[in-house]
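**Student:** In case it helps, our numbering puts the sequence shown at residues 89 to 297.
Just the calculated beta-carbon pair ranges, DEER-fashion:
{"#": "1", "residue 1": "D165", "residue 2": "A107", "range": "46 to 56 Å"}
{"#": "2", "residue 1": "L268", "residue 2": "Q129", "range": "18 to 28 Å"}
{"#": "3", "residue 1": "L287", "residue 2": "A254", "range": "58 to 68 Å"}
{"#": "4", "residue 1": "P95", "residue 2": "L268", "range": "33 to 43 Å"}
{"#": "5", "residue 1": "I96", "residue 2": "E122", "range": "35 to 45 Å"}
{"#": "6", "residue 1": "N181", "residue 2": "A104", "range": "49 to 59 Å"}
{"#": "7", "residue 1": "N168", "residue 2": "Q221", "range": "21 to 31 Å"}
{"#": "8", "residue 1": "E155", "residue 2": "I94", "range": "44 to 54 Å"}
Simulated from the structure, these hints should not be mistaken for lab results. Computed from a prediction, not measured in an experiment: that's the story for all the values here. For every residue, glycine included, the Cβ atom is placed at its ideal position computed from N, Cα and C.
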Amino acid sequence: MSARRIPIIATIIVVAAAAVMVVLGFWQLDRREEKAAQIAQYAVAADLPTIERFPDAALFRDPSRFESLLFRTVRMDCSNARRWRGVAGRSENGHSGYAHRYLCQQSPFGMNGEPDPDSPDIHATIGWSRGPQEPEWSGDVVIGVLAPAGDDYEVVLTQPQAGLEALARPDPGDLPNNHLAYAGQWFFFALTSLVIYWLALRRRWRDQG
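Could you put the whole structure together from the sequences, leaning on the hints where they help?
**Tutor:** Structure, rendered in structure tokens:
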């Protein structure tokens, strides 16, 4: 087979695409190591001193700083508790049921005195029950563990309120670290694209005689 029978431009495109996929695969492997180190850092957060005044205004100015405080024990003023929600949760004993969550803090730096919609809200998750009924709780100063809650954050109380049972303590080990699987996908895509292209070339050569 002569080199002139290989479509140069198509080959360059396919090889370049496969190379990009391989690079993305190695990038995911690097991200896996970074995530593992981050989880290890969170694991020692429980032994750090309680943050007595949480959150401060600087956190809302730079919401990315919340990530550095995850799984720390914090004291938060939730005297103005509102917007109760019952969400799926587990008790300290591992039973399934409902975690009871109240909105406590919003960014004070929005337009026209309204909370900034791009800043995270902070909730107090005050305890666990088997049923979804709203507890009688009007708010208080609370102490708990800061944890992610979707795009927002929650303080999971270490001492339950309103006659509820204790919730399972947030565990950094529950954070997803799927980067190895993502890396495998990128390597698989790269290999698959090269194999398909090679088979297409063989068929073309065979058809050309």
